[in-house]
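Starting from the given sequences, assemble the full structure and let the hints guide the process.
So the sequences go chain by chain: A and B. Start counting the first sequence at 1; every next residue gets the next number (my numbering). Start counting the second sequence at 1; every next residue gets the next number (my numbering).
Keep in mind that the hints were calculated from the coordinates and are not lab data. Every value quoted in this text rests on a predicted model; they were computed, and no experiment measured them. Among these hints, one or two may not hold up.
[Claimed, not checked] Far from chain B, by Cβ distances over 12 Å, these chain A residues were calculated:
no.: 1; residue: Ile4
no.: 2; residue: His26
no.: 3; residue: Ala38
no.: 4; residue: Trp42
no.: 5; residue: Glu53
no.: 6; residue: Tyr68
no.: 7; residue: Glu71
no.: 8; residue: Ala74
no.: 9; residue: Ala100
no.: 10; residue: Ala109
no.: 11; residue: Arg126
no.: 12; residue: Arg135
no.: 13; residue: Pro145
no.: 14; residue: Leu155
no.: 15; residue: Asp156
[Stated by the list, open to error] Calculated pairs, EDC-like style, for lysine to aspartate or glutamate (alpha carbon to alpha carbon, straight line, at most 20 Å):
no.: 16; chain 1: B; residue 1: Lys117; chain 2: B; residue 2: Glu23
no.: 17; chain 1: A; residue 1: Lys112; chain 2: A; residue 2: Glu63
no.: 18; chain 1: A; residue 1: Lys28; chain 2: A; residue 2: Glu71
no.: 19; chain 1: A; residue 1: Lys114; chain 2: A; residue 2: Asp156
no.: 20; chain 1: A; residue 1: Lys112; chain 2: B; residue 2: Glu38
no.: 21; chain 1: A; residue 1: Lys112; chain 2: B; residue 2: Asp47
no.: 22; chain 1: A; residue 1: Lys112; chain 2: A; residue 2: Glu71
no.: 23; chain 1: B; residue 1: Lys117; chain 2: B; residue 2: Asp103
no.: 24; chain 1: A; residue 1: Lys112; chain 2: B; residue 2: Glu46
no.: 25; chain 1: A; residue 1: Lys28; chain 2: A; residue 2: Glu63
no.: 26; chain 1: A; residue 1: Lys112; chain 2: A; residue 2: Asp122
no.: 27; chain 1: A; residue 1: Lys114; chain 2: B; residue 2: Glu23
Just so you know, even glycine gets a beta-carbon here, dropped at the ideal spot from N, CA and C.
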Amino acid sequence: MSWILHRIDDRLIHGQVLIAWGERLHPKRIWVVDDASAANPWERELLATSSTEIEVRVVTVLEAAAAYAEEAAAAGGAFLLVRDLATAQGLAASGAPVPAYNVGGLHYAPGKDKVHDYVYLDAGDRAAARWLLARGVALHVQDVPASRPLPLESLDASLGSVPGEASR
Amino acid sequence: MARVPGLLVTHADLADALVRAAERVYGPVEELERLSNEGLSRHALEDAIAERVGAWSNGGIVFIDFWGGSCFTCGMSAARGREVVVLTGINLPTLLDYLHNRDRFGVVELAERLRAKGQDSVRLQRAPGA
Numbered sequence: 001m002s003w004i005l006h007r008i009d010d011r012l013i014h015g016q017v018l019i020a021w022g023e024r025l026h027p028k029r030i031w032v033v034d035d036a037s038a039a040n041p042w043e044r045e046l047l048a049t050s051s052t053e054i055e056v057r058v059v060t061v062l063e064a065a066a067a068y069a070e071e072a073a074a075a076g077g078a079f080l081l082v083r084d085l086a087t088a089q090g091l092a093a094s095g096a097p098v099p100a101y102n103v104g105g106l107h108y109a110p111g112k113d114k115v116h117d118y119v120y121l122d123a124g125d126r127a128a129a130r131w132l133l134a135r136g137v138a139l140h141v142q143d144v145p146a147s148r149p150l151p152l153e154s155l156d157a158s159l160g161s162v163p164g165e166a167s168r
Numbered sequence: 001m002a003r004v005p006g007l008l009v010t011h012a013d014l015a016d017a018l019v020r021a022a023e024r025v026y027g028p029v030e031e032l033e034r035l036s037n038e039g040l041s042r043h044a045l046e047d048a049i050a051e052r053v054g055a056w057s058n059g060g061i062v063f064i065d066f067w068g069g070s071c072f073t074c075g076m077s078a079a080r081g082r083e084v085v086v087l088t089g090i091n092l093p094t095l096l097d098y099l100h101n102r103d104r105f106g107v108v109e110l111a112e113r114l115r116a117k118g119q120d121s122v123r124l125q126r127a128p129g130a
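Here you go:
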């Protein structure tokens with residue numbers, strides 16, 4: 001069973017992940033793939049205490065790539081969270097065959113412009129998105145299960161459209 | 001006894017709604033900051049909380065709607081290294097007790113009192129004859 005959600009969200013673990021997706025999919029583990037958080041004991045502890053029911057693992061991109069196949073075969077469902085498109089790109093480049101990401105939240109920051117209510121992109125984000133899309137990694141914008149998933153490339157003309165995705 | 005400052009950090013407009021409801025019972029509420037996580041990234045929300053609690057010279061209480069959400073993680077990060085207590089599960093009885101007692105207790109003593117108050121306010125009662 002294992003991987004049941006791959007999500008790009010700059011808030012990492014938060015209410016939508018724990019409550020909306022968690023209550024729907026009931027993961028046993030959440031993998032937070034984030035080099036900065038993994039290097040920070042305080043941050044690791046904070047993320048680990050976010051849930052009393054789900055095991056939280058905070059790992060680097062390289063650690064996640066190395067463990068990806070083993071987790072895929074593990075019992076129980078797992079979520080994988082990254083904070084941005086660049087990390088998703090790094091994970092794929094490191095060998096993790098993630099087929100699709102739920103783009104759950106990339107909030108405003110200076111230099112980013114709006115493509116959806118909760119998705120803002122800059123040039124670096126777009127370059128990473130194009131890299132992922134070109135390798136067949138689907139990017140669906142959807143904050144909570146009750147929302148309709150939208151292909152990211154359908155919201156941003158600069159990303160073009162990928163055959164079979166635009167009509168979803 | 002100096003007043004214990006408070007900050008409500010919640011999803012959507014819950015903080016504003018709680019204060020409006022409290023004012024119906026308590027009267028006008030002053031010196032209570034509110035913050036929504038609406039549209040804010042993790043860093044932006046953490047910075048917004050840190051800016052507010054950084055102005056507290058003797059600590060204070062950050063009230064959060066629920067454990068584990070972005071308000072919680074950002075509140076915890078902003079409170080780090082400061083005399084600031086994070087209290088999750090804010091509800092109307094807790095807020096009212098804070099307003100009535102924020103000039104009577106120190107930060108930790110008040111926070112412990114409010115936790116007990118909030119927990120005690122959640123009750124299950126079946127009507128007789130049901």
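The hints, checked one at a time:
no.	hint	verdict
1	Ile4	19 Å, holds
2	His26	15 Å, holds
3	Ala38	16 Å, holds
4	Trp42	7 Å, violated
5	Glu53	10 Å, violated
6	Tyr68	24 Å, holds
7	Glu71	22 Å, holds
8	Ala74	23 Å, holds
9	Ala100	23 Å, holds
10	Ala109	6 Å, violated
11	Arg126	18 Å, holds
12	Arg135	26 Å, holds
13	Pro145	17 Å, holds
14	Leu155	17 Å, holds
15	Asp156	19 Å, holds
16	B/Lys117 x B/Glu23	19 Å, holds
17	A/Lys112 x A/Glu63	29 Å, violated
18	A/Lys28 x A/Glu71	11 Å, holds
19	A/Lys114 x A/Asp156	9 Å, holds
20	A/Lys112 x B/Glu38	17 Å, holds
21	A/Lys112 x B/Asp47	18 Å, holds
22	A/Lys112 x A/Glu71	34 Å, violated
23	B/Lys117 x B/Asp103	17 Å, holds
24	A/Lys112 x B/Glu46	19 Å, holds
25	A/Lys28 x A/Glu63	19 Å, holds
26	A/Lys112 x A/Asp122	4 Å, holds
27	A/Lys114 x B/Glu23	37 Å, violated
This entry does not satisfy hints 4, 5, 10, 17, 22 and 27, going by the numbered hints stated previously.
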